[in-house]
Amino acid sequence: MVEALSTELKTYAANFETLIGANEGKFVVIHKDEILGTFDSQMDAIKWGYRELGNTPFLVKQVTKIEVPLSFVSNLLAV
Amino acid sequence: MPSFTAQLPNLQALGPTVDMRVWIGTPVEEAMKKTGTKLPDPVAVKAMIDTGATGSVIQPAIAQSLGLQPIGVVSICTPSSENVPCYQYVVRLLFPNNVIVEAVAVEAPLKGQQIQCLIGRDVLAHAVLVYTGYINQFTLSF
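Sequence lines, in order, name chains A and B. The C-terminal residue of the first sequence carries number 79 in my numbering, and the numbering is unbroken. The C-terminal residue of the second sequence carries number 142 in my numbering, and the numbering is unbroken.
Extracted from the complex, chain A is given alone in its bound form (with noise of 0.2 Å):
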């Protein structure tokens, strides 16, 4: 369903160990199989981003130990 990202979420979980050492909290850029960077904020590591690599597909996160999943209590989505 997340084909376009899917080898950044790899590389993310291969190198989750690593970056929860260093870096938790922190919002991470990743494209294909490489770690560009670490960020405090969302917005800057967005930013970071697209100033690098373009309009093309590339994955920001939060490197966290718990990811909590975003809810909607109303039943508009079709998911």
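Among these hints, one or two may not hold up.
For lysine-lysine, the following DSBU-like pairs were computed, each having C-alpha atoms within a straight-line distance of at most 35 Å [to be verified]: (1) K65/A / K38/B; (2) K65/A / K111/B; (3) K65/A / K32/A; (4) K26/A / K65/A; (5) K10/A / K33/B; (6) K34/B / K10/A.
Hints were generated in silico from the structure; no laboratory data involved. Model, not experiment: these values are computed from the prediction.
Mind docking chain B on chain A? Use the hints.
The following block gives chain B in isolation, referenced to the frame of chain A:
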């Protein structure tokens, strides 16, 4: 304080909906300009202010017509599903009265044809929402 007020025929029945537009986020615009890519036109949508939504949502067709590429993946939970991975995109929400908000929106299908966008608590976190039910009116201020 930038704000807009929406007047509806029946706020209880329709919910706090607003006709607005969704456009590419500022970093996307800059990246497109850098490569000489023609900027897309904003997409007109009917959006609903949804205090029950952690984040804002756009219909899949919107990201496609704006030429957006995903910059994140997040899991979502609804009353009928759990931990469904969805893409995230940087967008600008163009509300009436020239109120513009930058957001990271989740891409997910919305039921029916009427609503193409949900304005969630990520946007409301920066706003004041005044819901005046007895006159079918709401105001969103930033």
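Quick rundown of the hints versus the structure:
1. At most 35 Å may separate the alpha-carbon atoms for a hinted pair to count; K65/A and K38/B exceed this at roughly 41 Å.
2. With a C-alpha separation of about 33 Å, the suggested pair K65/A and K111/B falls inside the 35 Å cut-off, and the hint holds.
3. Restraint check for K65/A and K32/A: the C-alpha separation of about 22 Å stays at or below 35 Å, so the hint holds.
4. Straight-line distance between C-alpha atoms of K26/A and K65/A comes to about 12 Å, which keeps the hinted pair within the 35 Å bound.
5. A distance of roughly 31 Å separates the Cα atoms of K10/A and K33/B; the hinted pair therefore holds under the 35 Å criterion.
6. Only pairs whose Cα atoms come within 35 Å are accepted, and K34/B paired with K10/A is accepted, the gap being roughly 30 Å.
Going through the hint list in order, the structure does not satisfy hint 1, though it satisfies all others.
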